[in-house]
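Please model the complete structure; the sequences and the hints are all you need to start from.
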Amino acid sequence: MFSESYTGLNDLDLRVRKGLNLMRLREYEAKALFKEEGITIPNGTVIKCAEEVFSLKTFPCTLKTQVLTGGRGKAGGIKFADNAEEAYKHAQNIFKLEIKGDMPTAILVEPKVTIKKEIYTSILIDRAYRGPIIMASAEGGVEIESSGAIEIVPIPGGVYNPYLGRKMATKLGFKGKDVLKYADIVQKLWNVYTKNDADLCEINPLIIDGDDNFMALDGKVTINEDSMDRQPRFNGMLSEHLTDLGEREFKGKMCGLNIVELEGNIGILCNGAGLTMATMDLVFHHGGKPSNFLDVGGGANKDHVARALDLVASDENVKVLLVNILGGITDCVEIANALKYYKETRPEANLVVRLVGNNEEPAQKIMNDAGIPMTNVLDEAVKQAVACAV
Amino acid sequence: MSVLINKNTKVIVQGITGGMGKTHTTLMRKYGTNIVGGVTPGKGGTDVDGIPVFDSVSEAVKKTGANCSVIFVPPYLCLDAALEAIDAGVPLISVITEGLPPQDAVKLHAAAEAKGVLVNGPNCPGIITPGECLIGIHPGSIYKAGRVGLISRSGTLTYEIGLGLKQADIGISTAVGIGGDPIIGIDQKISLKLFEEDKDTDLIILVGEIGGTAEEEAAEFIKTNIKKPVIGYIAGRTAPPGKRMGHAGAIISGNKGTAESKTKAFEEAGVLVAKTPSEIVDLVKQKMSVAA
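Going down the list, the sequences are from chains A and B.
Under my numbering, the first residue of the first sequence is numbered 1, with each subsequent residue one higher.
Under my numbering, the first residue of the second sequence is numbered 1001, with each subsequent residue one higher.
By construction, these hints were calculated from the structure, which means they are not laboratory data.
All C-beta atoms in this analysis are idealised placements derived from N, C-alpha and C, irrespective of residue type, glycine included.
Check the hints yourself; a few may be wrong.
To be verified - Chain A is nowhere near these chain B residues, computed Cβ spacing over 10 angstroms in every case:
| id | residue |
| --- | --- |
| 1 | 1047 |
| 2 | 1055 |
| 3 | 1115 |
Unchecked claim - Simulated crosslink set (DSSO-like; lysine-lysine; CA at most 30 angstroms straight-line):
| id | chain 1 | residue 1 | chain 2 | residue 2 |
| --- | --- | --- | --- | --- |
| 4 | B | 1285 | A | 383 |
| 5 | B | 1107 | A | 171 |
| 6 | B | 1030 | A | 302 |
| 7 | A | 167 | B | 1115 |
| 8 | B | 1275 | B | 1227 |
| 9 | A | 383 | B | 1144 |
| 10 | B | 1287 | A | 383 |
| 11 | B | 1264 | A | 383 |
| 12 | A | 195 | B | 1115 |
| 13 | A | 383 | B | 1166 |
| 14 | B | 1144 | A | 365 |
| 15 | A | 195 | B | 1107 |
| 16 | A | 365 | B | 1030 |
| 17 | A | 253 | B | 1107 |
| 18 | B | 1166 | A | 365 |
| 19 | A | 365 | B | 1022 |
| 20 | A | 383 | B | 1275 |
| 21 | B | 1275 | A | 319 |
| 22 | A | 289 | B | 1264 |
| 23 | A | 181 | B | 1107 |
| 24 | B | 1107 | A | 167 |
| 25 | A | 35 | B | 1107 |
| 26 | A | 302 | B | 1022 |
| 27 | A | 289 | B | 1275 |
What the hints assert, rightly or not - Covered, in the sense of this in silico footprint (three residues per stretch, anywhere, with C-beta under 8 angstroms from a C-beta of chain B), are these stretches of chain A:
| id | region |
| --- | --- |
| 28 | 226-236 |
| 29 | 257-263 |
| 30 | 269-276 |
| 31 | 356-368 |
Following this line, the structure appears as structure tokens:
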């Protein structure tokens, strides 16, 4: 099924694995899901202030910052302590440590465990295979991208059977009882993946402890955004679990607008992802620089478009707003009314508008009455916008 | 002639009583699509503007002889609706619905492949054979009938190109909007093969975008399987890496899914690559005048 060049890490994998623009759970939240399915995790405690370490009983322990970004250890977000005094000092520091723009609100404190072996294991949807795969490596604990020995077992048709876990166990070099123990973990990880509509469930490292039992020492779970409405347990959690978003991107996401921030001065508003990308490319082609990508979607109404216009214009670098709408299911009148509102609230704003398709004629009248010039030809509109932005 | 749909296609609409289903049923019928029925479980025996509504797809197929279904149901009901259509033996299903959970998409495509059913989409504008049949949400008046095959991952960009061609008096045989999701049914390769075999298509336009490796695979396929001229375009050449550009599938990560890689693959396969949408029309004109 895989082509020769297949590495097991295509673009979607990478996006899912890094949790970019996705709802990524914190480590302790991911582990709670693991525990629910019966995967052994360290007997840890989540603390919300440094003083809580004095109620802890098990030392030595590990303190781990609960930020959403990777590379916590290198940044100083993971510390070991032999007693409460040491733990207190570390906790105070960790609570003050911002990592890649993320301030921790919690620390996970876990008893130190004996590690005989570290493994990487995850389940995720793979675009090339058109379905979920088990991805694993006998070398855990490291960045999987830099590990040479990634093994893949596809899950045919998205239907899991226990032999798939055993197949991976064998690939990783397990024998006898360990094959069953490992396969059991994969089955349980699969349960986490399906029950929560996850895009990714990852244990890194999955360890074998001093008693020869498997234990999830760290966990990463991202929940699929399109599935959130049928996963009521994650209700209201999205805003606190997004990473790597700019201010306008975050606001857009919260009101259902797909905006990507760029560095130029031409604000862009279009309908449809492909047309928006093409418009953005055209701006570059004619020597301009877009301030953003914004796809207002199909069938947008006046209020939605007005919010989108406000969002685009909220970047103070924007010198001109380029609106390109090809109305299929989108009603041009709704767009025209939103533009009229925009012009009324910002009479000084530069607008270049190309508006064609569904209900074009009445829209044209609204635009004429509002004194907003229009053009029918996309290349013309882009050239005008670029000229305005110089 | 055309690909996938023509004047003999008998269409049912799943979700015909919903807002979007109703609106587009009216538009499709106005365009000339032969809509023979609709399906909304629990509303069997009623009608929408004279179109009979059935409780199940199998009943609709039995009573109307439908050979195509267009699905407009909400995302979480979509898998069930599609599986019902597959089970009822409908050979071509177009899933317009956007926001289908990926785990559902996997099950949908696995079931369709097992039964040899063609699924268009999800998250797509559908298919149009101008003057004969429209399934989905394409604005019909934007296209003129002719001999150019059009394949695209995007909706509105397809309309843009259809409109540009029409203004240049160039028509299309069929436009296939394959959809912007990471996992789709009828893909670029399947569409290319159909257009290659269609005796009324002279030239193929392939509109791709960043993300995934579908364009690279299509280019490989073109090298050995496609003799008709192909004109390509990639949207998103200036997109920043790591950001989802609207479509769930449109994202560059690391060095995968870039416009450079896709353009290079196209060029190596002898595909003429346009840099802008209007250049597509220019290239089509050039090719057609050479052929004439």
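Exercise for review: Provide an ascending list of the numbers of those earlier hints which the structure does not satisfy.
Suggested key: none
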